[in-house]
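Number of protein chains: 2
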Amino acid sequence: MEPRHGQGLIDQERLWSDLMTLGAIGGTPAGGSMRGALSPADREGRALFSHWAIEAGLSLRADRIGNLFARREGRDPQAAPVMIGSHLDTQLPGGRFDGVLGVLAGLAVCRALDRAGIVTRRPIEVVDWTNEEGARFQPGVMGSAVYTGALDLDEALARQDPQGISVAQALHQTGTAGTAPVPGRIPHSYLELHIEQGPELDTRGKTIGMVTTSSAMCSGYATIRGANGHTQTLAMSRRRNALAGAARLVLAIEEIGAGLEPAGMVSASVLENWPNNRVNIPHLSTLSWAVVGFDPALRNAAVARIEAAAADIARETGLEIEIDHRHYREPCHFDDALIARGMARAAARGLPAMTLPTLTAHDALSFTALCPTALIFVPCKDGVSHSEAEWCRPEDAARGAEILLDLACEAADAP
Amino acid sequence: MEPRHGQGLIDQERLWSDLMTLGAIGGTPAGGSMRGALSPADREGRALFSHWAIEAGLSLRADRIGNLFARREGRDPQAAPVMIGSHLDTQLPGGRFDGVLGVLAGLAVCRALDRAGIVTRRPIEVVDWTNEEGARFQPGVMGSAVYTGALDLDEALARQDPQGISVAQALHQTGTAGTAPVPGRIPHSYLELHIEQGPELDTRGKTIGMVTTSSAMCSGYATIRGANGHTQTLAMSRRRNALAGAARLVLAIEEIGAGLEPAGMVSASVLENWPNNRVNIPHLSTLSWAVVGFDPALRNAAVARIEAAAADIARETGLEIEIDHRHYREPCHFDDALIARGMARAAARGLPAMTLPTLTAHDALSFTALCPTALIFVPCKDGVSHSEAEWCRPEDAARGAEILLDLACEAADAP
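Those sequence lines, one after another, are chains A and B.
Taking my numbering, I'd label the letters of the first sequence as residues 2 to 416.
Taking my numbering, I'd label the letters of the second sequence as residues 2 to 416.
It is worth saying that the hints were derived from the structure and are not from the lab.
Everything numeric in this text was worked out from a predicted model, so none of it was measured.
Among the hints, a few may not be true.
Stated by the list, open to error - Heads up, incomplete: computed chain A residues facing chain B, CB under 10 angstroms, no partners named:
(1) Ser-18
(2) Ser-51
(3) Gln-92
(4) Pro-94
(5) Ala-117
(6) Gly-118
(7) Thr-224
(8) Arg-226
(9) Thr-234
(10) Ala-248
(11) Gly-260
(12) Pro-276
Stated by the list, open to error - A partial selection of chain B residues facing chain A, derived with a Cβ cut-off under 7 angstroms:
(13) Ser-51
(14) His-52
(15) Asp-155
(16) Gly-199
(17) Ala-236
(18) Val-251
(19) Gly-258
(20) Ala-264
(21) Ser-268
(22) Leu-272
(23) Asn-277
(24) Pro-283
(25) Leu-285
(26) Thr-369
(27) Ser-386
Heads up, the beta-carbon is just placed ideally off N, CA and C, and yes, glycines get one too.
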């Protein structure tokens, strides 16, 4: 089928126009986007996607966690669909490509099939998963995890943002939830196109990356408890300052991370300090930490080093420090046949390609254990992501969408 | 006049009952109070004080920044009044005594004069100053500074709390502002009773402390700028992590503070981290710092050391660090005649007393340059303050109020 959906079928200008138009919703002066999950801007972004989907002849449905499905019917409506998904929510603020590219490329695939007059046997569903980013509501990849059954619906609905608004309330406020049940039907296969969010493709001059595995991760919190007191009367030597303990732990974590390079990284990026005013000695600080790496054993060793550092700091300062393991994620493996197929199609299209692992989480991870799943990367400038400066070249976005088209055609059984 | 208003005229049980009752407004499970300036709880606290003032035959007025004056008329209504002031707002949370004791002791003085049948020549005004704590709105000692003209009314009204609510809005919401003009009339003299908030009196077994001077202070912010990036893709060696820079500065400030002991202290207690989420490298952190000490030269040297540490960290990390001097406060000197009078009255009443400096700011500081001003300290348990565990013995509270009564009688020209 290659000749019928070869290079040229993806409308690069339209895809780019869609990316820039959607990026302008919740757009920031620095050129990024701010569409927190289930915010008014996220609703507007979904409304625009819905408009384009209807324009392309797709039918819409939403499920109870707000995942939004745009379906291109197949010759066999009973067949399990091929899903092409990613997310329209962003970091606060984020860039114009992370997630958005994968959803809008799905639309571009459907339009390309229309132009070629192709009706696949299997339906194709383009999906916007709710709250992939986890920036407003924890955990991230929420919608896809609820869809696959990895996360309980009621647990997800109860999660609150920092203002105390629950996912259930935000779904209601934005009119985002639908009636389709969760967990949902396992698709025939799952395909996702995403910017790499790291520097490998950009550095090596590759256009296409077929992802082989995801990283091992462990994330949690450290809770540091000291004693209250007046910052202008209590002698330094009598203080038990939780922020000072948190500072030591931040630096210890940086050092552990530096020792892990290049096999992974360790970050402490969220710090809450209580009561955080000038006249009270900080007596409760919480610090997030996260270890990512490809080798679970190295990940586990880094976690153990964080625990040991916390114990040392507690002993030396008299602070209480509790390390709380919130979440382990083990490596996921993408489908070898789809990887090979993606590499072959890139070669056929003359696109420089490589296989690579991913350090970051994606909605696609939720599907690797359930059905053949592929994650296609295209380069982003200097590897910068989760930033208003995030950038993907128009031609790279379109070339990625073409590989997505190729894989979707085969999976959906194009004539 | 000593015989007529000697020990016994202050009703210790009533004063204690008032303290506990007012402390229950905004009361916390741990036994403290949470009455942020111009909050609903602060309004309720002021309403109760107003009720008690009217019950005691005092007349009420409020000025445009919400300072609340309860006036006991004198034989000469035109004479400049003696002011007895402090504040009913608290830290978030705070204790039951910081500020509250000074206001309620003022009421106790008026009641004592009533019981003794004394009408002073000068009026006595008991004042609740708006927002002494600075916990919700910066700066602290706001109401007294606006009253004395040290702070412009419009500038104060425009200040916002972390939720973006301005002082003007909060005054309106709580119905706290009155029509009396600011700056207000300079009183004949200003008297304030306060818990020490430090350990000197408690450690030395003294009941009364007559404050001689206040500390030299300098407070400001450090702004640390790094670069955004994805915590799960950007190699550790390529990061410019603002939180890591803030952590180094926290520890440097702790070390500078330790070196200043016992001549003063240095605190870094407020840290804001941006964007403070798991997947972005922190790229903007702000850290408050404050130096207090009795010697302005030592204070200045500590500030210089903070600047030098920030420059070192910036050079070593590639972060941008800006040190912003927000506020210098020079030592204030309390009135020698009032100090001597307070020491003499304590001796006459058989109370162990000492003179001492204060490290912390109080509303009384606003008056030292304008009129004879006295600040009387009573001990608080273990020197603990700005804490729900703050504690003052009932008998110490009453003994402090008796010295306040003695000084007020003389200043107001009791018969």
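- Query: Holds or violated: is there a CB of chain B closer than 10 angstroms to the CB of Ser-18/A?
  - Reply: Interface hint status for Ser-18/A: violated (26 angstroms vs cutoff 10 angstroms).
- Double-check Ala-264/B for me: the hint is only fine if its C-beta lies closer than 7 angstroms to a C-beta in chain A. It is violated, given that the least Cβ distance between Ala-264/B and chain A is near 11 angstroms, above 7 angstroms.
- Would the stated hint for His-52/B survive a check requiring a Cβ distance to chain A of less than 7 angstroms? 30 angstroms, violated
- Message: Take the shortest C-beta to C-beta distance between Val-251/B and chain A; is it under 7 angstroms?
- Response: With Cβ-Cβ at 4 angstroms, under 7 angstroms, it holds.
- Message: Hint validation: Pro-283/B versus chain A, beta carbon distance must be below 7 angstroms. Holds or violated?
- Response: 5 angstroms, holds
- Query: Close enough to count: is the Cβ of Asp-155/B nearer than 7 angstroms to one in chain A?
  - Reply: 24 angstroms, violated
- Hint check: 10 angstroms Cβ-Cβ cutoff, Arg-226/A to chain B: 14 angstroms, violated
- Taking the least C-beta to C-beta distance, is Asn-277/B closer than 7 angstroms to chain A? 5 angstroms, holds
- Could you check if Ser-51/A really has its C-beta closer than 10 angstroms to a C-beta on chain B? 27 angstroms, violated
- Holds or violated: is there a CB of chain A closer than 7 angstroms to the CB of Ala-236/B? OK, holds: Ala-236/B within 7 angstroms of chain A, min 6 angstroms.
- Message: Please check whether Ser-51/B passes as an interface residue: C-beta within 7 angstroms of a C-beta belonging to chain A.
- Response: 27 angstroms, violated
- Have a go at the Leu-285/B hint: is there a Cβ in chain A nearer than 7 angstroms to its own Cβ? 12 angstroms, violated
Going down the numbered hints, you'll see the structure goes against 1, 2, 5, 6, 7, 8, 13, 14, 15, 20, 25 and 26, while the others check out.
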